[in-house]
Amino acid sequence: DTAVSQTPKYLVTQMGNDKSIKCEQNLGHDTMYWYKQDSKKFLKIMFSYNNKELIINETVPNRFSPKSPDKAHLNLHINSLELGDSAVYFCASSRAGGDQPQHFGDGTRLSIL
Amino acid sequence: SQQGEEDPQALSIQEGENATMNCSYKTSINNLQWYRQNSGRGLVHLILIRSNEREKHSGRLRVTLDTSKKSSSLLITASRAADTASYFCATDPPGGGNKLTFGTGTQLKVEL
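In order, the protein sequence lines correspond to chains A and B.
If you're matching positions, the first sequence starts at 2 in my numbering and goes up one per residue.
If you're matching positions, the second sequence starts at 815 in my numbering and goes up one per residue.
Computed Cβ-Cβ distance ranges for the label pairs, DEER-style: (1) A:N52 to B:E829: 40 to 50 Å; (2) B:A896 to A:M16: 36 to 46 Å; (3) B:S826 to A:D71: 38 to 48 Å; (4) B:E831 to A:N58: 42 to 52 Å; (5) A:N52 to B:P908: 14 to 24 Å; (6) A:D100 to B:E829: 29 to 39 Å.
The hints are simulated quantities; they were obtained by calculation from the structure and are not laboratory data.
Keep in mind the model is a prediction, meaning the values are calculated, not measured.
Note that beta-carbon positions come from the ideal geometry of N, C-alpha and C, so glycine has one too.
Next comes chain A alone, as it looks inside the complex (with noise of 0.2 Å):
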């Protein structure tokens, strides 16, 4: 059974579209995470959700909006796509507290054409 899971897998579309993407963890943990991920393998926090209350918030365009509808869902939402906004998006998720490692999803691999 896959603990982080996204979907989908690949995201190839336009400039200007409006895309989402879901996030479940089946861990039972309280905080979720996204992080961008660009071409050259740098990984940056984008938010983090804490039992669905928005914990971390870091320097992203408003385009991008998080949704939690429950502990075990974060989701990410992203308006009038720009092409710097290529890159593989991470999911993850742990329990909640310091010291705890994160599981991470297999990504979503997001193309702008």
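Take the given structure of chain A and dock chain B to it, following the hints.
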């Protein structure tokens, strides 16, 4: 800002040899973690070392932490072809609530 930087950026060794990767960081930490990423896959947690620990072992992995030098190293002993992957260090700041900052990664290739 980018917190951790791994060194070397790429490493190629023969199966059976040891591989050592280094990570340097800039600010205080609560803990430092190492992750592995296979091509086309998500990151997998390998080991976590707290700021008050100096060394930790897990199977063929050995991690050291020197907070005075703000550096850590990951040693993989008796490497296997299956160890071929990118390895990242990640730092968790004090009171950071698991807000990890990842390094630039070391690409390890283990050849038969």
